[in-house]
Structure formats: C-alpha cells, structure tokens
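Asks: Protein sequence lines correspond, in order, to chains C and S. So for the first sequence, my numbering puts the first residue at 1; every next one is plus one. So for the second sequence, my numbering puts the first residue at 196; every next one is plus one.
Incorrect hints may appear among the rest.
Label-pair ranges, simulated between beta-carbon atoms [as the list claims (entries may be wrong)]:
#	chain 1	residue 1	chain 2	residue 2	range
1	C	GLN121	S	ASN441	42 to 52 angstroms
2	C	ILE31	S	ARG524	26 to 36 angstroms
3	C	SER67	S	GLY331	48 to 58 angstroms
4	C	LYS22	S	ILE507	41 to 51 angstroms
5	C	GLY87	S	LEU488	14 to 24 angstroms
6	S	VAL325	C	GLY87	17 to 27 angstroms
7	C	HIS55	S	ILE600	23 to 33 angstroms
8	S	ALA319	C	GLY87	25 to 35 angstroms
9	C	GLY179	S	ASN441	56 to 66 angstroms
10	S	PHE332	C	THR68	45 to 55 angstroms
11	C	THR68	S	GLY331	47 to 57 angstroms
12	S	ARG524	C	SER157	33 to 43 angstroms
Result set (BS3-like, lysine-lysine): computed pairs, CA atoms no more than 30 angstroms apart in a straight line [unchecked claim]:
#	chain 1	residue 1	chain 2	residue 2
13	S	LYS440	S	LYS584
14	S	LYS584	S	LYS596
15	C	LYS88	S	LYS499
16	S	LYS590	S	LYS442
17	S	LYS596	C	LYS23
18	C	LYS128	C	LYS3
19	S	LYS580	S	LYS200
20	C	LYS22	S	LYS596
21	S	LYS491	C	LYS88
22	S	LYS554	C	LYS88
Think of the hints as simulated: they come from the structure by calculation, not from any bench. Cβ coordinates follow ideal geometry from the N, Cα and C atoms, glycine included.
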Amino acid sequence: MAKKKFVVGCFNDEAVLFPAVKKVRTAGYKIHDVYTPFAVHGLDHALGLRETSLHTAGFIYGITGTSTALGCISWILTYDWPLNIGGKPHFALPAWIPITFELTVLFAAVGMVLTFCYLCQLSPFIKKHHFHARATDDLFVMVIETTDKTNVDDLTSFLSNAGAVETDVQIAEAGWWLGRYDKDEVPFQNKIVAA
Amino acid sequence: MSSIKEHFEIPARLKTWAYALIGVGLLALIIGFITKGRGTEEEQVVFIGTIMYNTIFWTLITNASMFFICITTLAMGGWQQSFRRIPEAISTMVPIFGSITVAVLLFVVFSGNHHIYHWLDTNAVANDEVLKGKSGFLNVKFFTIWTLLAVGLWSLLGWRMRQISSEADTAAFNGETGASFIWRNTVRAALFTVWFALTVGSTVPWLWLMSLDAHWYSTMYSWYTFASTFVSGISLIALWVIYMKNKGYLEYTNQEHLHDLGKFMFAFSIFWTYLWFSQYMLIWYSNQPEETLYFKHRVQGPYKGIFFLNLIINFICPLLILMKSSAKRNYTLVTFMAVLIIFGHWIDFYQMVMGSISKEQVTLGWLDFGILSLFVGLMIFFVSKALAKKPLIVKYHPFLKESIIHHT
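From just these sequences and the hints, can you work out the full model?
Replies: Now the structure itself:
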C-alpha cells in the first residue's frame with residue numbers, strides 16, 4: 001500500500017467547516033475525507049460525494065429474500081413434502097406471507113449491514129490511519145491529499161485562513177491494511193493537542 | 196417577507212370546476228333519486244348506501260387533516276408549519292360533510308331501514324342471541340347520541356385548533372408568550388387526539404360501518420378504517436400543497452416538505468396493508484363461519500374483482516412507485532399517486548359498505564361517480580374559500596423557521 005503526504009486541518013465548528021470545504025474545493029485541492037465526531041447533515045453534498053447506492057442494494061437483497069421464502073416454502077409444501085395442515089390447501093399463500101415478510105427483512109437487513117461495512121471498509125483486523133484523535137470527540141478534521149506539485153506551506157496557511165484552529169502535515173497510509181496498531185503504528189503517539 | 200404572497204385569490208377556473216362538479220353531482224343525485232330512490236326496496240338501499248359511504252369517506256378524510264395537525268403539534272414538529280394552513284382549511288370541511296353524514300345516518304336509523312342496519316329490526320333482535328348481546332351498544336339512542344357527539348366535538352375541537360393558530364398571524368411572540376402559545380396548542384391538540392382515538396380509532400367505524408354486518412365483528416376494523424382515511428387525508432393535503440405551489444403560493448414549501456408527505460403516503464399505505472392482511476389472514480386461517488361471512492362474498496362472490504383491485508391500487512402501486520426517494524420528491528409522480536390513493540381508498544370504502552348491503556350485485560356505476568363528483572366539488576369550493584380567508588403563512592409561529600430550513 002502506498003503512503004501519501006496529507007495536510008490536515010482541524011476545525012472546531014460546523015459553521016466554519018462548511019465554507020472551508022467549499023473554499024478548499026474551489027481552490028482545486030483534493031479532499032481525502034472529513035472526519036467528524038457526529039454525522040453532519042449535508043456534508044456529503046458539500047463534499048460532492050455521489051448518492052449512495054446502498055438502498056438499491058437493499059432492494060435487491062429484499063427481493064432475494066422474498067423469492068427465497070416463497071420459492072422454498074412452495075417447493076416444500078406443494079411438491080417435496082405436502083402436508084395437510086388444518087385442511088388448508090397445499091398452496092396456502094396467506095399463511096406464508098408472515099414468513100416471506102420476515103425473510104425479506106432479514107435478507108435486506110443483514111445484506112445492507114455487510115454492504116455498508118464493505119463500502120466503508122470496516123471489518124475486524126482491518127486498520128486505517130487516524131489523522132487526529134479528537135475527531136472522535138469534538139474536532140472536525142479535514143484531510144487533504146497532496147501531490148508533488150502541492151505547495152504544503154501555502155496550503156497550510158490557506159487552511160488557517162479558512163478558519164482551521166490547528167494544522168498538521170502527515171505522511172500516512174492512504175488505504176487500509178491488515179494488522180495491529182501496536183505493532184505497525186501507535187495511533188495516538190506524539191499528538192499533543194492544543195487546548 | 197415582502198415577496199411572499201400571503202393571500203390566496205381563488206382562480207376563476209377553480210371556481211368553474213367546483214361549480215361544474217357540484218352541478219354534475221346534483222344532477223346525478225336527482226336522477227338517482229328519481230330512478231332508484233323511489234324504486235324498489237333494493238334500489239332504495241343502493242341509493243342511500245351510495246350516498247352513505249361517500250359522505251362517511253369524505254367526512255373522515257377531511258377530519259384526518261385535523262388529526263395530522265394535532266399529532267404533529269403534539270410531537271413538537273416544525274416541518275409542517277410552512278403549509279399548515281392547507282390542512283387547516285381542509286379541516287373546515289368537517290362540520291359541513293359531518294352534518295351531511297349525520298343527516299344521512301339519522302335518516303337511515305330513524306326510518307328504521309333494517310336492510311342497511313340489520314340491528315334496527317326489533318323482531319330480529321328479539322330472536323337473536325348475538326344481536327341481543329350487542330343491543331346495549333347497537334341501539335338507536337346510543338347511535339344517535341354518539342354520532343352527534345362525534346361530529347360535534349370534531350368540529351368544536353378542530354375549530355379551537357384553527358382559532359389558536361390565528362394568534363400567530365398578528366404579532367411576534369417573546370420567550371414567555373411563545374412558550375405559553377406552544378403549551379396551549381399542545382393542550383388543544385391533545386384534547387382533539389383523545390377524542391379522535393375514542394371515535395375514529397374505535398367506536399365510530401364500529402357504529403357506522405361495521406354494524407352493517409350486524410353479527411360480524413373484527414378488532415382490526417377501526418384501525419383499518421383509520422389507516423384508510425389517514426392515508427387518503429395525507430394525499431388530499433399533498434394535492435392541495437402541489438396545487439398551491441403551481442399557482443405560485445407557499446414559497447417556503449419545497450421538495451423537502453413534499454418528500455415528507457410522500458413518506459407519509461408510502462408508510463401509511465403499508466400500514467393499511469398490514470391491517471388489511473392481519474384482518475384477512477386470521478379469519479382465513481381459523482375459517483369459522485361467523486367470521487368468514489364478511490369475506491365469503493367479497494373473495495369468492497361478485498366483489499372479487501374490486502376486492503383484489505383494492506389491494507393492487509392501495510398496496511402494490513404505492514409500494515413500488517413511491518419506494519424511491521426521488522419519486523417522493525417528484526411533483527408529477529406524487530400528484531398521480533395521491534389521486535390514485537384517494538381513488539383506491541374510495542373504492543375500499545365502496546366495497547366496505549356496498550359489499551355488505553348489496554351482496555349479490557356490484558353496483559359501481561354512474562351514481563357512485565356522480566355522488567363522488569358532488570363531494571369533490573363541495574370540497575374544492577369550500578376549501579378554496581377557507582384558504583382565501585386566512586393568510587397562507589403562519590407568520591409568527593415560533594417553529595416557522597424550522598420549516599423554512601427543513602431538510603430531509
């Protein structure tokens with residue numbers, strides 16, 4: 001995996017963050033990601049991220065659940081092992097609806113959780129670089145990718161002007177890796193946070 | 196605020212439409228009265244039944260508007276404030292349609308028309324253990340008092356809700372008066388909601404509709420009726436909101452609000468189906484004659500087509516068409532779905548009432564659509580009048596800003 005150079009700007013207010021994101025994007029810098037302590041409404045639009053296709057995946061999982069349930073029960077109860085239950089017809093559709101519903105929900109829910117984890121690259125044993133420990137507490141951390149041509153000093157002062165309370169340059173792994181923090185990297189080492 | 200069009204001027208075309216629909220409706224009513232209302236006993240029953248389900252349907256869906264305001268008030272909701280004058284205006288129909296309903300129902304009860312309400316037949320009740328057991332509830336006195344009380348209190352408590360909303364038109368609130376305004380809103384909304392639960396949520400559908408099959412009962416029935424009327428009520432609100440947007444009013448209402456109305460339409464269509472199925476499946480499974488008598492002629496008799504059409508329009512269509520979020524934000528699609536849902540639940544009411552009083556024959560025809568047009572015409576006429584009476588924006592409501600910046 002490739003290591004890259006990142007410029008990190010920390011903001012302590014949403015109201016400062018939004019205009020800063022806009023300024024950074026219009027200036028042509030590439031934002032790697034913004035880490036926030038909570039879900040910020042509308043930040044995905046500000047970052048120009050495309051709409052997630054998670055719900056489409058959910059629909060497909062749901063349909064799979066519906067057809068699995070209906071296919072399975074109808075095969076079992078009408079062809080493979082027909083039973084007389086309370087004198088009902090073998091093809092007793094109303095009685096199957098609750099199970100069909102449950103299986104639809106189960107497939108959709110489990111499938112969506114797994115897809116969500118895949119899209120966010122979340123899994124046990126998978127590690128990612130933490131740019132700032134306070135992103136989990138009270139800071140909004142904007143991470144900007146640099147290239148060889150980027151003037152890091154310019155960018156740092158640009159971020160400070162945009163309202164960053166703290167800026168930082170880090171060389172870090174851009175993607176994920178398999179491993180342990182204590183061996184590969186001590187995540188929160190040497191991070192003295194200004195009060 | 197200077198560019199906001201606060202006062203609605205009724206477009207001439209809307210008036211023409213209202214008059215035309217009322218005209219067609221009155222014509223159908225008169226012709227219906229001459230050909231059926233004075234005909235054989237069965238024809239009379241069909242005539243009265245047709246008026247009955249229409250008036251009950253329209254009373255309940257306009258009343259659902261006031262319920263919508265009250266629950267959003269109780270939940271401290273802010274998003275509906277930018278268009279709340281629309282459900283308010285729709286709810287002014289409750290006294291008007293309510294009086295028609297009371298007149299029709301009391302006419303049926305006092306003329307002792309036991310072809311519609313079997314429990315009015317005193318001889319039959321005296322020889323029938325089941326009906327005797329129900330007679331404490333199903334009798335003329337209780338029916339009359341409860342019907343009058345229900346419609347009267349919906350009108351009164353709804354009027355009080357609309358009254359207090361006018362306070363926010365004149366002057367801005369400070370912290371203290373604002374808090375007291377919200378508190379008084381909450382109290383009034385709670386009173387309406389409690390009465391709504393005691394009537395629409397339980398007794399009124401039992402009395403007005405379920406007692407058409409005097410022997411039969413279902414614990415799902417009232418909720419089923421409520422879900423039916425609430426989802427059509429929301430669709431009616433959505434239609435008026437879209438109409439007003441088209442005419443250039445309601446500047447603060449946008450796709451975000453439409454999205455939420457669309458979610459209500461989607462969610463309550465599913466809720467309706469849930470109740471439909473819970474009622475159907477248990478009766479189908481246990482298969483006891485005294486319970487299946489309701490479904491027998493609907494599922495296996497002449498009403499089969501309408502019965503399943505009902506399920507397709509009110510479940511499959513909203514499920515598939517309104518599922519995507521972009522569909523709920525699309526004015527054309529929401530308009531189409533709102534009309535379809537209102538029509539679907541009108542058909543639902545048709546089979547709920549006519550399926551019980553005209554078991555052998557499906558009577559859907561010109562009379563039904565004529566009476567429907569009468570009620571639609573009346574609704575357009577009076578709602579547009581009510582909209583023109585008050586400013587369209589609740590200018591000083593403390594939660595208005597929440598609605599303006601609303602974001603789904």
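Asks: Identify every previously stated hint that the structure contradicts and give their numbers, smallest first.
Replies: none
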